[in-house]
Every structure is written in C-alpha cells, then in structure tokens.
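Undergrad: First to last, the sequence lines map onto chains A and B. Take the first sequence: its letters are residues 1 to 474, numbered as in the working numbering. Take the second sequence: its letters are residues 475 to 877, numbered as in the working numbering.
Read the hints as simulated data drawn from the structure, not as lab findings. As the structure is a prediction and not an experimental result, all values here were calculated from the model. Built from N, CA and C at the ideal position, the CB exists for glycine as well. A hint or two may mislead.
Non-contacting residues of chain A with respect to chain B, defined by C-beta distances greater than 10 Å in every case (computed) [unchecked claim]:
no.	residue
1	Asn187
2	Leu391
3	His407
Below, computed lysine to any residue pairings styled on SDA-like, alpha-carbon distance capped at 20 Å [to be verified]:
no.	chain 1	residue 1	chain 2	residue 2
4	B	Lys715	B	Val702
5	A	Lys378	B	Phe551
6	A	Lys324	B	Thr505
7	A	Lys378	B	Pro557
8	A	Lys267	B	Gly733
9	B	Lys597	A	Ala455
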Amino acid sequence: MSIDYSQKIPNNVDLASNKTLQRALEHWQPAYLDWWNEMGPDKTTTAEVYLRTAISVDPKGWAHFDYVKMPEYRWGIFLAPQEAGRTVNFGEHKGQPAWQEVPGEYRSTLRRIIVTQGDTEPASVEQQRHLGMTCPSLYDMRNLFQVNVEEGRHLWAMVYLLHAHFGRDGREEGEALLERRSGDADNPRILTAFNEKTPDWLSFFMFTFITDRDGKFQLAALAESGFDPLARTCKFMLTEEAHHLFVGESGISRIIQRTCEVMAQHKTDDPAKLRSMGVIDLPTLQKYLNFHYSVTSDLYGAEISSNAASFYTNGLKGRYEETKLGDDHRLDTAEYPVMEVVGDRIVTKHVPALTALNERLRDDWVKDVQGGIDRWNKVPEKLGIPFRFTLPHKGFHRKIGIFGELHLSPEGKVISEAEWTHKHRDWLPTEEDRAFVQSLMGRVAEPGKFANWIAPPARGINNQPVDFEYVRFN
Amino acid sequence: MTEIVKQHLIDPGICIRCNTCEETCPVKAITHDSRNYVVKAEVCNDCRACVPPCPTGAIDNWFPIAPGKPWSIEEQFTWDELPAPAAVPVATAIAEPEDVARLTSEATAGQGGPVAAPWSAEKPAVNLYNEKGPITATVAGNFRLTGDKASADIRHIVLDFGGVHFPLLEGQNIGIVPPGTDAQGRPHHVRLYSVASPRDGERPGYHNCALTVKRVTEDHEKKPVKGVCSNYLCDLKKGDKVQVIGPFGSNFLMPNHAGSSLMMICTGTGSAPMRAMTERRRRRIDLKEGGELMLFFGARAPDELPYFGPLMKLPKEFIDINFAFSRVPGQPKQYVQDRIRERHEDVWRQINDENCYIYLCGLKGMEKGVDEAFRDVCRQHGGDWDALLPQLREKSRYHVETY
Ligand SMILES: Cc1cc2nc3c(=O)[nH]c(=O)nc-3n(C[C@H](O)[C@H](O)[C@H](O)COP(=O)(O)OP(=O)(O)OC[C@H]3O[C@@H](n4cnc5c(N)ncnc54)[C@H](O)[C@@H]3O)c2cc1C
Ligand code: SF4
Ligand code: SF4
Numbered sequence: 001m002s003i004d005y006s007q008k009i010p011n012n013v014d015l016a017s018n019k020t021l022q023r024a025l026e027h028w029q030p031a032y033l034d035w036w037n038e039m040g041p042d043k044t045t046t047a048e049v050y051l052r053t054a055i056s057v058d059p060k061g062w063a064h065f066d067y068v069k070m071p072e073y074r075w076g077i078f079l080a081p082q083e084a085g086r087t088v089n090f091g092e093h094k095g096q097p098a099w100q101e102v103p104g105e106y107r108s109t110l111r112r113i114i115v116t117q118g119d120t121e122p123a124s125v126e127q128q129r130h131l132g133m134t135c136p137s138l139y140d141m142r143n144l145f146q147v148n149v150e151e152g153r154h155l156w157a158m159v160y161l162l163h164a165h166f167g168r169d170g171r172e173e174g175e176a177l178l179e180r181r182s183g184d185a186d187n188p189r190i191l192t193a194f195n196e197k198t199p200d201w202l203s204f205f206m207f208t209f210i211t212d213r214d215g216k217f218q219l220a221a222l223a224e225s226g227f228d229p230l231a232r233t234c235k236f237m238l239t240e241e242a243h244h245l246f247v248g249e250s251g252i253s254r255i256i257q258r259t260c261e262v263m264a265q266h267k268t269d270d271p272a273k274l275r276s277m278g279v280i281d282l283p284t285l286q287k288y289l290n291f292h293y294s295v296t297s298d299l300y301g302a303e304i305s306s307n308a309a310s311f312y313t314n315g316l317k318g319r320y321e322e323t324k325l326g327d328d329h330r331l332d333t334a335e336y337p338v339m340e341v342v343g344d345r346i347v348t349k350h351v352p353a354l355t356a357l358n359e360r361l362r363d364d365w366v367k368d369v370q371g372g373i374d375r376w377n378k379v380p381e382k383l384g385i386p387f388r389f390t391l392p393h394k395g396f397h398r399k400i401g402i403f404g405e406l407h408l409s410p411e412g413k414v415i416s417e418a419e420w421t422h423k424h425r426d427w428l429p430t431e432e433d434r435a436f437v438q439s440l441m442g443r444v445a446e447p448g449k450f451a452n453w454i455a456p457p458a459r460g461i462n463n464q465p466v467d468f469e470y471v472r473f474n
Numbered sequence: 475m476t477e478i479v480k481q482h483l484i485d486p487g488i489c490i491r492c493n494t495c496e497e498t499c500p501v502k503a504i505t506h507d508s509r510n511y512v513v514k515a516e517v518c519n520d521c522r523a524c525v526p527p528c529p530t531g532a533i534d535n536w537f538p539i540a541p542g543k544p545w546s547i548e549e550q551f552t553w554d555e556l557p558a559p560a561a562v563p564v565a566t567a568i569a570e571p572e573d574v575a576r577l578t579s580e581a582t583a584g585q586g587g588p589v590a591a592p593w594s595a596e597k598p599a600v601n602l603y604n605e606k607g608p609i610t611a612t613v614a615g616n617f618r619l620t621g622d623k624a625s626a627d628i629r630h631i632v633l634d635f636g637g638v639h640f641p642l643l644e645g646q647n648i649g650i651v652p653p654g655t656d657a658q659g660r661p662h663h664v665r666l667y668s669v670a671s672p673r674d675g676e677r678p679g680y681h682n683c684a685l686t687v688k689r690v691t692e693d694h695e696k697k698p699v700k701g702v703c704s705n706y707l708c709d710l711k712k713g714d715k716v717q718v719i720g721p722f723g724s725n726f727l728m729p730n731h732a733g734s735s736l737m738m739i740c741t742g743t744g745s746a747p748m749r750a751m752t753e754r755r756r757r758r759i760d761l762k763e764g765g766e767l768m769l770f771f772g773a774r775a776p777d778e779l780p781y782f783g784p785l786m787k788l789p790k791e792f793i794d795i796n797f798a799f800s801r802v803p804g805q806p807k808q809y810v811q812d813r814i815r816e817r818h819e820d821v822w823r824q825i826n827d828e829n830c831y832i833y834l835c836g837l838k839g840m841e842k843g844v845d846e847a848f849r850d851v852c853r854q855h856g857g858d859w860d861a862l863l864p865q866l867r868e869k870s871r872y873h874v875e876t877y
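Starting from the given sequences, assemble the full structure and let the hints guide the process.
TA: Right, here's the structure in full:
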C-alpha cells in the first residue's frame, strides 16, 4: 500500500523524505486501520462527522473543520515547533543541550514510558466503542468521535516516536500496541483503569473529565522531558487533550443543569421521584465521581517511588510546569509532604521530594479536578439548590500505595472491613445505580434534540449553532 | 456616532482553564491566576490565533466597550461570568462590518446604547457572512401586506437559503447589499432588515426567513425620494437572487425560559421582530410555557398595518393586542403611547414582573413618546421611571431598536 504522505498523513516531520520511517509506517498503517475498523466506534463507517483535523501546527492549520467519514480521518504526526537552544531543565543533566536522539543509557526506560503512555490511547477508543449507539444528541456524538480520532492520533504520535527513535524494538512495541485489548483477560491494556468498562455516557463524561485529566498531567510532565522529540510531541498532544477535558466537564455540567432544572421545577430532591422523571439524581452523580476519582488516582502510582525519582534525576520526566517552578530543579535536599497512616490516624510526614514526585503530580491533578468541581457547583448554586459536589479523601477506595490495604470513608476516616462492606453502597455506584443510568441511554440523533437527562450546551462547536447537523448519516 | 471599540474577553462560565490559549498566543497576551484565564487588552492585537485551538469557544468574545476603557486583568480575575450589562457579546467568525456596527449603534442610541440579551436568550450566531463572502438567497415569495389604497407599500418577502443552514434568531437582523453602485460609482452600502420569522424559519425545516420591508418613497422630511434598497427588495420577483450578509445583532433577543412574558411596542415595519417572537411563541403554544404576550402596535389605519389579518386570528388568551390608529376618519388620533397610558394597570404590573421583557421597534423618534408614557404610568402608581429604567436595562429587560 503506498501513501501520499503529505495528504494522507499530514505531518511536520518531513515524512516524505525519510525512507526508513516511511517503510516502518507503511507496515504499521494497514494494521492500524484494521484495528480501527475492528475496535473503533461501532457502526460509523458511512457517517460523516463534523470533525476538527490538524493539518499543520500553526494556529491556522491545526483546527481545520469539515465533514469527514471516520475511517478516512487523516491521522497526522505533529510535534510542537522546535525551540532553539532548548536544554534539559532538571535533574543531573540540567543545563546540557536537550537530546535529539535517545541517550543509550535511558533507552529502555524511555521506551517503557512511551509505550505506557501510548497504550492508554487505543484503550480509550476500545472502551468507548459502543457509545455512539446511545448518544444523547448529535452534538455529543460528534464530540465522542472527535475524542476518538484524537486518541487515535495520539497513538500515532507515540508510534511515530517508537519508529523514529527505537528501531526494531520500537516497531515491535508499535505492533503490540495494536494487539492488546482493553479488558481482555489474556492480553489486557497495561494500566488497570484502562481495562474498566465505559458502559454509558455518564461514565464517558466522568472518564474524560477525570481520567483524561490524568493524561493531561502525565503529558505535561513528559512535555518537560530532556528528550526533545518526546517533549515536543506531548506539547502538541496537550492542546488536543484539552478538548477531551472540555467534553467531560461540560457534559457533567449539563447533566447537573438538567437535574437541577427538574428539581427546581418540581420542588423535590427525592432521588426516586427524580429518577422516575428520567433525570440522574445528584447523589448518584456524586457516587460516579467518587468511583472515577479514586480509580484514576491509582494511575499516579505509589506515593513514594524510586522509579519516579530516577526518571526525574535522569531528565526523562519532569514536574508539572517544571520551568515555571522557582527552585533548583534538582531536588537533592528538598522535601515534600505525603500522608501516612498511624493506627487509625492519618498524619503528614515529610519525605525527600525526589521520591514523592508521583504524589506531587497527583496533588497537581487533584487541584485541577477540584477547580472543575467548583465550576460544577455553580450550577445548583445558581438555581438555589443546596447540594454541592465534593471530592472524597485521597485515600478513599484506593488499590495502590499507602491506602491500598485499608478502607477509608469519603471523609477520610479509617474504617473496618465490616463497615466498608456495609457502607460502600452509599459511596460508590451500585449495580442498581448503573442499571438505572443504563436505562436512560437511548440514541437521540436529530439535530437540535437532546436526551431528557442532559441539557443542551451553551454553545455549538466552531461557532456552529447547537442544532447544527454535526453528524450526517447516509 | 459613537466609536465602538471591542475588547477580547474569555467567558469564565465556559472556559475549562486548559491553558491552550496561553500556549498559542504569539504575543503572550493571555495569563491566568488560580481562578480565571484573562486577556491583557493592551497586549492583544486581535490576531485570533487563539480562537481555533480553544476547545470550548470560551475565548471567542469581543465585547464593545467605551473607547479607551478596557477591563483590566484584575477585574477579569474576579469574574464568574462575563459582565452582562452595557456589553454586547459578539462571537465572531469574521469581524463585523463597520457599516453594520455604525447602524446598530445608531439603532440602540434611543435607549442610550445596547443592552445585553436576556439571560435565557439563545446564543446567537453572528457575522457568518460578510460583503466579501455573502450568502445567496432566492426569493420564494413577495406579498403586499398593506391594503391596496394604503399610502405605504409594506411587503412580506420570503428568502430561501437553498438548503444551507443560516442560523437566525428572532430579533436579529440580516444585511442586504443592493446590487449596483451609487452616484459616485461606489458599491452601495449595506442595509439592515429585521428577521420576521422565528428561528426555525418561515416554514420549519426549509432554511428560509421572511422580511417585512417598507418601500421608501419619501425621506424623513417627506421629500420624494426612491430608497435604493427598499425599492430593490419590494420589486423582487419569485426566483430572483439576493446577496445576504450577517446575521447581526446579539442583544434584541427574546428570553427562552418558561414563564417569561413579552411586552412588544412597535410601529410600521418595527413589527417584524415582534412577528418573529410572537410566531415563535405561537408554535410552542402546546408546551404551555406560561408567560404573557402584550402588543402595542401603531399605524395610520388598519389597512396600513402589516400582519393585521393574521394578528386578528390569534386567540385572546395567547396575546393581548392593542392597536393605535392615527388616521382613521372621524376618530381621534391614537398613538401607541396613548394605549400604553390606557392600559396602565397591566403595564405597571408587567414593568414590575421580573419575567417580563420589553421591546420597542420602529421609526426613530417613537421611543420618546413611549418613554413619556412609561413615565406617566409610573407616576400614576407612585413609581419613578427614571430610577426604574436603568434597572430594567441592567436586567436586560428593556430593548430599543429604532431606525
Ligand atoms: C437595525 C435595523 C433594522 C431595520 N429593520 C427594517 C425592517 O425590518 N424593515 C424595513 O423596511 N426597514 C428596516 N430598517 C431600515 C432599512 O435598513 C433601510 O434603512 C430602509 O429600508 C431604507 O433603505 P433604502 O435603501 O430604501 O433608502 P436609502 O436609499 O438608504 O435612503 C433614501 C432616503 O430615505 C430616508 N429613509 C431611510 N429609511 C427611511 C424610512 N424608513 N422612512 C423614511 N425615510 C427613510 C433616508 O434618510 C434617505 O434620505 C432597519 C434598519 C436598522 C438599522
Ligand atoms: S487574539 Fe491573538 S493576540 Fe489576542 S489573545 Fe488571541 S492569540 Fe493573543
Ligand atoms: S483555550 Fe479556551 S478553554 Fe482553554 S483556557 Fe483558553 S479560553 Fe479557556
């Protein structure tokens, strides 16, 4: 299969003149398309979707809007423009020129980092595969597909790095990325959260709001990397990731809006009544929030990690907004507070900052999630409804790290196994909750119409009206 | 003519604080604190490089401001939403043509400048087409609305956009560029016309809209003159092509929330936006959204009044109509302000109803008489119009468009 490179794969890596890379991608692309056809959005091969495609990295080119048939989406390879004279900005190589080639001693670590990041991208596509069949509107369907094609493009971005910089190993890893499957017992995706199901739109919005935000922070930390091609790739991916966060944040906000409207109209906060009127009661939303928040928190790994320390010292993975932080960027003597459980009390202790980098990134993420929750809370506030969403304690429902073996209430009280068994149904979505949410899912595919459980958005996409025909079926 | 200067602002109610715009801006005009992303007015050069990458559209706001008085970033940091009063959100795909900005600012001068749209109004699309790239419409119908003997020739002109979705809201205007050139050989400048059909079109699903156009045969001083654009429009035949630009206007919009009431006051072709709003509510009558419609409509005589027939057919419970005729032989002259005074009880009740929104549209000058009538109604009920009016404006409850 021959490819017209600038057209089929818009890129800013001069693909047309790089024969080795071409050959590698020529081999990989058909397998990718097979994967997309098998695992990409269900029954969408003929639909034309109003999508944003990046055709170059400058502001004019990277948001090109048009109707596209999904399998014909032009997945491109884009790196943020190179910064002249960029240096490694942290760790023991601080001040040296940033690496344009993989340093031999970090080869396997870097490969692992890239593969782990890359593995999350096709995983979400697989997790979201059936959602098009139950979309609450054409507007939402379009956003789902935009998220999906961008996940696909992020996979391309990582595979490009593997192919361009890791030779045969890289090619093999690239193939393996297409072989693993989310939730497959024999060959699952690398990270647990990416093997959870995304069964309904509420989960999808929570996932994009919370779990894609983990993506944002991981990418941001990698965008600081001393390995320049990785840094530039992640930088560009970050601008796309923003759309996913938007889909999640506004999606939940619209659900809250709709529920609150019904609450105000019928002057009730009774979950049973609200459910009978076909909207999702706020306590159920809080349970979903608790679930996605705690499961995603595990993605950052253990609070104390020597791996994280060596990634940092070696200049591979920095902190969030590394260059904006005003310290020595070496952290040889700095400390950072982490939690510790003593008996049934949770106390704070100071540990070497180098080993606490996972926790630090998690804390940055928590702050960002909290910002979004504060914005959600404005919705009931505006309608005079007293309910407010809160984040559960960091130790709630964790599987990894110091809280992994313990049970905590959302308020952060250490509780017994028995109490947990008794109470967790109030804190996490139950089978009945999930079945109820599932029962609301039905496809609404008429321009300008929205499912009863979600309010229309405040604005359309790209200045189009809300009732624009975002997806055309043929 | 007041000069309109626009400031680039980020809508904190929509922005997700993703930092994309700050990354993108070539001149570093964007910054943030823990609460908001903001644009430094003195740095931003309106290059719009930040617009396509923003995932939410939050960045796409250019607000008119008093010249030389931009909001500082400190002020912007405190916002939870964009400041509504005195500001006109203009979400732009392209810049608004200068002529249009001038005409719009003149049309709202009668109330001391533009008033923001009601909080529940649908977000309008504006400036999708300009003179360099107009949309072509086909005339689908052109009917005379006024009686055969009436002095004014007012027409109902239906434009079809040929299957192209051209989003319009009640209360918005479209621009018509008459073909040909003026006496100096320059292309004619654009004229604005109110959309006279509701947002789903004259016929739902057909991507069309109606205009209510008066043939101008004498100028404001009553001297004979042949108005360029109005005559061009009134003479169009079915099938003729027309160049349209716009849509324009993001203030004179109707509320959307259930229970909201409209008080509409108009003369002549000022009835166009009122027809659009009334028709919107009529089509949704089965939804029983509540709210009252009250109309004051002035003309010389019944057969000079556009839409007289259809208006008379509307149920009394749906709309409370008050005509005022100034030239009916054997009857005293009646103006809209006289009818407003007569109906002072209901008018006073509506002025005090937070859910009632008031709209005035018609020939320049009519706002003065109406203003006086409101002042009298207030006085009669122990109220103070001069204190009330700024509050109404603040709450986006009083809208004037006169030309
Ligand atoms: C926001 C806005 C909304 C408008 N909506 C409508 C609408 O729904 N329907 C409609 O018919 N018009 C509407 N107009 C007026 C319209 O834009 C034109 O001004 C009008 O049609 C005259 O244009 P013309 O080209 O025929 O006259 P021109 O050739 O521009 O003017 C000829 C002469 O007539 C005078 N003149 C202009 N308009 C009038 C008038 N209405 N009465 C008396 N003399 C006049 C002018 O001062 C000039 O001396 C609106 C204007 C604005 C600003
Ligand atoms: S319009 Fe241009 S200068 Fe202004 S904030 Fe956006 S990118 Fe920066
Ligand atoms: S790009 Fe848009 S959503 Fe993101 S911070 Fe800027 S204005 Fe907000």
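Undergrad: A separate judgement is required for each hint: does it hold in the structure or not?
TA: Here's how the hints hold up against the structure:
1. At the 10 Å boundary, the C-beta of A/Asn187 stays outside the reach of chain B, the nearest C-beta of that chain being 33 Å off.
2. At roughly 16 Å, the least C-beta separation between A/Leu391 and chain B is larger than 10 Å, which holds for a residue marked as non-interface.
3. For A/His407, the shortest C-beta to C-beta distance to chain B comes to about 33 Å, beyond the 10 Å cut-off, and the non-interface label holds.
4. Pair hint B/Lys715 plus B/Val702 holds up; C-alpha atoms about 17 Å apart against a cutoff of 20 Å.
5. Taking the CA atoms of A/Lys378 and B/Phe551, the gap is about 17 Å. The hint holds against a cut of 20 Å.
6. Taking the CA atoms of A/Lys324 and B/Thr505, the gap is about 13 Å. The hint holds against a cut of 20 Å.
7. Proximity of A/Lys378 to B/Pro557 is assessed by CA-CA distance (about 16 Å); at most 20 Å being required, the pair is judged to hold.
8. A threshold of 20 Å between alpha carbons decides the hint, and for A/Lys267 with B/Gly733 the separation of about 16 Å falls inside it, so the pair holds.
9. Between B/Lys597 and A/Ala455 the CA atoms are separated by roughly 14 Å; this keeps the pair inside 20 Å, and the hint holds.
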